[in-house]
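2 protein chains.
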Amino acid sequence: MSLDVIPIHVVNAPPGDAGLSGNAPPLLRELLEMVQRLLDTGEGTAIDLSALPLTPADLDWLRERLGSGEISATLQAGGESTLAETACPGVWWVTHRNEQGTLTAQFIEVAFVPELVKAHPQDVAIGRDQLELVISAL
Amino acid sequence: MSLDVIPIHVVNAPPGDAGLSGNAPPLLRELLEMVQRLLDTGEGTAIDLSALPLTPADLDWLRERLGSGEISATLQAGGESTLAETACPGVWWVTHRNEQGTLTAQFIEVAFVPELVKAHPQDVAIGRDQLELVISAL
Numbered sequence: 001m002s003l004d005v006i007p008i009h010v011v012n013a014p015p016g017d018a019g020l021s022g023n024a025p026p027l028l029r030e031l032l033e034m035v036q037r038l039l040d041t042g043e044g045t046a047i048d049l050s051a052l053p054l055t056p057a058d059l060d061w062l063r064e065r066l067g068s069g070e071i072s073a074t075l076q077a078g079g080e081s082t083l084a085e086t087a088c089p090g091v092w093w094v095t096h097r098n099e100q101g102t103l104t105a106q107f108i109e110v111a112f113v114p115e116l117v118k119a120h121p122q123d124v125a126i127g128r129d130q131l132e133l134v135i136s137a138l
Numbered sequence: 001m002s003l004d005v006i007p008i009h010v011v012n013a014p015p016g017d018a019g020l021s022g023n024a025p026p027l028l029r030e031l032l033e034m035v036q037r038l039l040d041t042g043e044g045t046a047i048d049l050s051a052l053p054l055t056p057a058d059l060d061w062l063r064e065r066l067g068s069g070e071i072s073a074t075l076q077a078g079g080e081s082t083l084a085e086t087a088c089p090g091v092w093w094v095t096h097r098n099e100q101g102t103l104t105a106q107f108i109e110v111a112f113v114p115e116l117v118k119a120h121p122q123d124v125a126i127g128r129d130q131l132e133l134v135i136s137a138l
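Chains A and B, in that order, give the protein sequences.
Going by the numbering used here, the first sequence wraps up at 138, each residue one higher than the last.
Going by the numbering used here, the second sequence wraps up at 138, each residue one higher than the last.
Possibly wrong hints are sitting among the right ones.
Copies of the same chain look alike in the list, so a pair counts if it fits in one copy or across any two.
Stated by the list, open to error - For lysine to any residue, the following SDA-like pairs were computed, each having C-alpha atoms within a straight-line distance of at most 25 Å: (1) Lys118 / Glu99; (2) Lys118 / Arg29; (3) Lys118 / Val134; (4) Lys118 / Leu133; (5) Lys118 / Glu64; (6) Lys118 / Gly101; (7) Lys118 / Gln130; (8) Lys118 / Glu132; (9) Lys118 / Ala84; (10) Lys118 / Gly67; (11) Lys118 / Arg65.
Calculated from the structure, these hints are not laboratory results.
Small disclaimer: the values here were computed from a predicted structure and weren't measured.
Between the sequences and the hints, there should be enough to build the whole structure, so can you do that?
Below is the structure:
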């Protein structure tokens, strides 16, 4: 991660905490509420990390606390997006890169399945039509 | 793919079709019905390729007809499972490997999201409890 690619607000790190701004721990508490909401209502939500005053050290701290899960998905569309489940099931670390590989956005998404991984009915219907064409050409 | 890892039934290939058994085209028609069922009822289904009399050439022919999509997911649990969307949205090519990397099962799954990619509510609840512990230790 580079400071060039995310609009980081300059924040003062407390001495001894190597770049931590103190803004990351409240995010964990917000995540806990988001996970509870998912369980209660099925509603998924996301935090746009690029829009928050987080230092690279804050982001490392968050990723370390959340850990790594068993599932990771990649989406190739223009650039590459990765959707990695954390050790906390239902909490996904999502990054989007452009065609040059530069990080353009970073989210934590709370959902049973990240939106980007789902096939949408209108696309499935288009695929069905294409499959019909393939079969009729056999 | 190796003949050793999938119980291939010996089938006679028609001359000139380099290993094709003739069993793959009917599978495409079955897939079309499965995709239509998904659209009509939301019900996902799967074909266990390992259980069918398909040659490696049949499997290659199927993969070629179905093409490659934008999304691919991997699951690390014991061995590696890959769930690759085909060019036909909602149709996923799923392979399971053991810890030695040997292919142990192969499916075509028709679903908006493959079952294995979904976080299950009971796991999300366990994750919430762990997140609470992390936060209380801050």
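Now for the hints, and whether the structure bears them out:
For the identical chains of this complex, Lys118 and Glu99 are intra-copy neighbours only, at 22 Å inside a copy versus 28 Å across copies, given an alpha-carbon limit of 25 Å. For the identical chains of this complex, Lys118 and Arg29 are inter-copy neighbours only, at 24 Å across copies versus 28 Å inside a copy, given an alpha-carbon limit of 25 Å. When the C-alpha separation of Lys118 and Val134 is checked against a cutoff of 25 Å, the pair qualifies only within one copy, where the shortest distance is 24 Å, while the shortest distance between copies is 30 Å. Taking the shortest alpha-carbon separations for Lys118 and Leu133, only the intra-copy value of 24 Å comes in at or below 25 Å, while the best inter-copy value is 31 Å.
Taking identical chains as interchangeable, the C-alpha atoms of Lys118 and Glu64 lie at most 25 Å apart only when they sit on different chains, with a minimum of 23 Å there against 27 Å within one chain. Taking the shortest alpha-carbon separations for Lys118 and Gly101, only the intra-copy value of 23 Å comes in at or below 25 Å, while the best inter-copy value is 27 Å. Proximity of Lys118 and Gln130 under a CA criterion of 25 Å is satisfied intra-copy only: 19 Å inside one chain copy versus 27 Å between copies. In the homo-oligomer, the alpha carbons of Lys118 and Glu132 lie at most 25 Å apart inside one protomer (22 Å), although the nearest pairing across protomers, at 29 Å, exceeds that limit.
In this homomeric assembly, Lys118 and Ala84 come within 25 Å of each other (Cα to Cα) both inside a single copy, at 15 Å, and across copies, at 12 Å. In this homomeric assembly, Lys118 and Gly67 come within 25 Å of each other (Cα to Cα) both inside a single copy, at 24 Å, and across copies, at 18 Å. Taking CA atoms no more than 25 Å apart as the test, Lys118 paired with Arg65 passes between copies only; the shortest distance there is 22 Å, against 27 Å inside one copy.
In summary, this structure violates none of the numbered hints.
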